[in-house]
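Asks: Sequence:
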Amino acid sequence: MPEHILVVEDEPTVRSFIEEYLGSQGYQMSGAGDGAGMRQVMAKQDVDLVILDLMLPGEDGLELAREIRSGSDVPIIMVTGRADTVDRVVGLEMGADDYIPKPFEARELLARVRSVLRRSQRAAPVSEEGMARQTMAAFAGWRLDRGRRRLSGPNGEEVRLTSAEFDLLVAFVSNPDKVLSRDRLLDLVYGREMFPFERSIDVLVMRLRGKIEEDRANPSFIKTVRGAGYVFTPEVEVK
Numbered sequence: 003m004p005e006h007i008l009v010v011e012d013e014p015t016v017r018s019f020i021e022e023y024l025g026s027q028g029y030q031m032s033g034a035g036d037g038a039g040m041r042q043v044m045a046k047q048d049v050d051l052v053i054l055d056l057m058l059p060g061e062d063g064l065e066l067a068r069e070i071r072s073g074s075d076v077p078i079i080m081v082t083g084r085a086d087t088v089d090r091v092v093g094l095e096m097g098a099d100d101y102i103p104k105p106f107e108a109r110e111l112l113a114r115v116r117s118v119l120r121r122s123q124r125a126a127p128v129s130e131e132g133m134a135r136q137t138m139a140a141f142a143g144w145r146l147d148r149g150r151r152r153l154s155g156p157n158g159e160e161v162r163l164t165s166a167e168f169d170l171l172v173a174f175v176s177n178p179d180k181v182l183s184r185d186r187l188l189d190l191v192y193g194r195e196m197f198p199f200e201r202s203i204d205v206l207v208m209r210l211r212g213k214i215e216e217d218r219a220n221p222s223f224i225k226t227v228r229g230a231g232y233v234f235t236p237e238v239e240v241k
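So the sequence shown is numbered by this note's numbering: it starts at 3 and just counts up by one.
Certain hints may be false.
Claimed, not checked - SDA-like mimics (lysine to any residue), calculated; alpha carbons at most 25 Å apart, straight line:
no.: 1; residue 1: 104; residue 2: 117
no.: 2; residue 1: 180; residue 2: 209
no.: 3; residue 1: 225; residue 2: 156
Keep in mind the hints are simulated off the structure, nothing from the lab.
Let the sequences and hints guide you as you build the complete structure.
Replies: Okay, structure coming up:
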């Protein structure tokens with residue numbers, strides 16, 4: 003079954019170009035010109051990726067990204083016609099997984115789509131024997147299941163993480179009490195496939211803190227080391 007990509011873009015020529023090109027690469031495509039159209043598609047069909055234009059009539063892309071992320075971890079690629087870094091950072095803060103500025107080449111778009119979809123793939127079902135070999139980690143009452151890519155809080159409830167947030171937490175849990183530079187975290191989380199600027203890691207850390215820290219402004223798990231990066235302080239038990 004091909005991955006289903008939804009393009010939310012108010013310019014018909016751009017939307018048609020993206021749909022036709024990615025469709026020719028084997029993806030199932032749907033399109034919408036605004037937030038209402040987006041909701042209609044997502045209410046009727048499962049979507050594996052949303053390509054979301056920043057500048058839309060009525061509700062803009064940032065509002066729609068926030069809405070999507072409030073109830074789903076479906077990957078989002080933000081499309082922007084402006085080169086302002088602030089727009090990129092705000093998009094990341096709203097939960098976007100990547101961004102691409104206009105104008106863009108078809109091959110660049112395809113590379114980003116493939117990268118985001120590859121990173122968002124959930125672990126395939128495994129046998130009971132195989133599941134027993136999957137690595138579990140625990141810290142401060144939290145449980146991280148790398149095989150199923152799930153995080154459970156001290157109360158046992160699952161906490162939804164995006165693929166990038168999950169991979170960032172895995173990087174920290176795998177390196178407790180080690181100072182990790184932003185550059186190193188870019189390699190561990192993205193493999194340098196996507197974001198070319200270090201601020202993206204700061205935004206991702208902020209998002210992760212908001213989900214696992216009691217007080218994001220005064221974090222107790224992920225500490226900032228001024229001028230060096232971040233360190234994960236809890237004791238980690240690997241099972």
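Asks: Does each hint hold? Answer for all of them.
Replies: Structure-based check of all given hints:
no. : hint      : in the structure
1   : 104 - 117 : 19 Å, holds
2   : 180 - 209 : 20 Å, holds
3   : 225 - 156 : 20 Å, holds
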